Amino acid sequence: MSIEGGKADGTELRKVSVKIPPFWIDKPEIWFYQVEDQFKISGITAEETKFNYLISQLDPKFVENVWDIIRSDMQTKYTDSKTRLLNLFKENEKSRIQRLITGIDLDDLKPNQLQKLRSVATSDVSENLIKTLWLGKLPDSIKNILIVSKEDTDSLAIMADKI
Numbered sequence: 001m002s003i004e005g006g007k008a009d010g011t012e013l014r015k016v017s018v019k020i021p022p023f024w025i026d027k028p029e030i031w032f033y034q035v036e037d038q039f040k041i042s043g044i045t046a047e048e049t050k051f052n053y054l055i056s057q058l059d060p061k062f063v064e065n066v067w068d069i070i071r072s073d074m075q076t077k078y079t080d081s082k083t084r085l086l087n088l089f090k091e092n093e094k095s096r097i098q099r100l101i102t103g104i105d106l107d108d109l110k111p112n113q114l115q116k117l118r119s120v121a122t123s124d125v126s127e128n129l130i131k132t133l134w135l136g137k138l139p140d141s142i143k144n145i146l147i148v149s150k151e152d153t154d155s156l157a158i159m160a161d162k163i
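The numbers in the UniProt record's numbering rise by one with no breaks, and the one at position 94 of the sequence shown is 94.
Hints in this document: simulated from the structure, not taken from any laboratory.
In this text the structure is predicted, and so the values were computed from the model without any measurement.
Treat the hints with caution; some may be incorrect.
What the hints assert, rightly or not - In silico DSS-like cross-links for lysine-lysine, where the CA-CA straight-line distance does not exceed 30 Å:
hint, residue 1, residue 2
1, Lys27, Lys61
2, Lys90, Lys40
3, Lys90, Lys19
4, Lys162, Lys150
5, Lys27, Lys90
6, Lys82, Lys137
7, Lys90, Lys131
8, Lys137, Lys162
9, Lys19, Lys40
10, Lys27, Lys40
11, Lys131, Lys162
12, Lys61, Lys82
13, Lys90, Lys150
14, Lys61, Lys19
15, Lys150, Lys27
16, Lys150, Lys131
17, Lys82, Lys150
To be verified - So the derived label-pair ranges between C-beta atoms look like this:
hint, residue 1, residue 2, range
18, Lys162, Thr76, 49 to 55 Å
19, Ser155, Asn87, 37 to 43 Å
20, Asp73, Glu127, 46 to 52 Å
21, Pro22, Arg84, 16 to 22 Å
22, Trp67, Lys27, 19 to 25 Å
23, Arg71, Pro139, 41 to 47 Å
24, Glu48, Met159, 51 to 57 Å
Backbone N, C-alpha and C fix where the C-beta goes; we use that ideal spot for every residue, glycine too.
All chains should be built: construct the whole structure from the sequences, respecting the hints.
Below, the structure is given as structure tokens:
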């Protein structure tokens with residue numbers, strides 16, 4: 001964010017500039033959270049201003065997904081564009097659970113980074129299932145030590161990091 005100041009007729013003018021990060025196609029909800037925090041920091045609340053920033057800094061391959069909204073006369077273009085992009089790119093429940101069970105690779109992560117599993121899980125996935133999946137992805141040498149412990153998952157993650 002950058003701010004430029006100036007004066008016109010004795011009144012101070014401020015121009016706020018927001019830098020929107022590249023669209024995160026794998027995690028659009030997190031991306032919109034970052035964008036909206038930029039808007040909050042900059043004091044931007046107007047729907048039209050949010051929309052203008054979004055479109056001006058969104059990669060053209062994603063702009064085409066909201067082209068009909070851009071060309072419309074609607075007053076909620078930012079909200080409608082956000083909804084459209086989330087609906088197009090947000091992972092559905094079935095895919096999320098499938099990825100939770102099979103597709104998460106912990107090879108490059110420390111064992112205590114089970115938060116990656118939690119970020120994929122939804123509220124209806126039990127902590128016990130997450131613990132079981134996480135333990136199953138650990139190397140046998142670490143898993144065999146942790147599996148006998150009665151500690152909660154967070155404590156096990158800390159222990160795993162020390163092994």
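Evaluation of the provided hints:
no.: 1; hint: Lys27 with Lys61; verdict: 17 Å, holds
no.: 2; hint: Lys90 with Lys40; verdict: 23 Å, holds
no.: 3; hint: Lys90 with Lys19; verdict: 23 Å, holds
no.: 4; hint: Lys162 with Lys150; verdict: 17 Å, holds
no.: 5; hint: Lys27 with Lys90; verdict: 7 Å, holds
no.: 6; hint: Lys82 with Lys137; verdict: 35 Å, violated
no.: 7; hint: Lys90 with Lys131; verdict: 25 Å, holds
no.: 8; hint: Lys137 with Lys162; verdict: 17 Å, holds
no.: 9; hint: Lys19 with Lys40; verdict: 13 Å, holds
no.: 10; hint: Lys27 with Lys40; verdict: 20 Å, holds
no.: 11; hint: Lys131 with Lys162; verdict: 18 Å, holds
no.: 12; hint: Lys61 with Lys82; verdict: 15 Å, holds
no.: 13; hint: Lys90 with Lys150; verdict: 36 Å, violated
no.: 14; hint: Lys61 with Lys19; verdict: 19 Å, holds
no.: 15; hint: Lys150 with Lys27; verdict: 34 Å, violated
no.: 16; hint: Lys150 with Lys131; verdict: 12 Å, holds
no.: 17; hint: Lys82 with Lys150; verdict: 44 Å, violated
no.: 18; hint: Lys162 with Thr76: 49 to 55 Å; verdict: 51 Å, holds
no.: 19; hint: Ser155 with Asn87: 37 to 43 Å; verdict: 39 Å, holds
no.: 20; hint: Asp73 with Glu127: 46 to 52 Å; verdict: 48 Å, holds
no.: 21; hint: Pro22 with Arg84: 16 to 22 Å; verdict: 18 Å, holds
no.: 22; hint: Trp67 with Lys27: 19 to 25 Å; verdict: 23 Å, holds
no.: 23; hint: Arg71 with Pro139: 41 to 47 Å; verdict: 54 Å, violated
no.: 24; hint: Glu48 with Met159: 51 to 57 Å; verdict: 52 Å, holds
The structure shown violates the earlier hints numbered 6, 13, 15, 17, 23.
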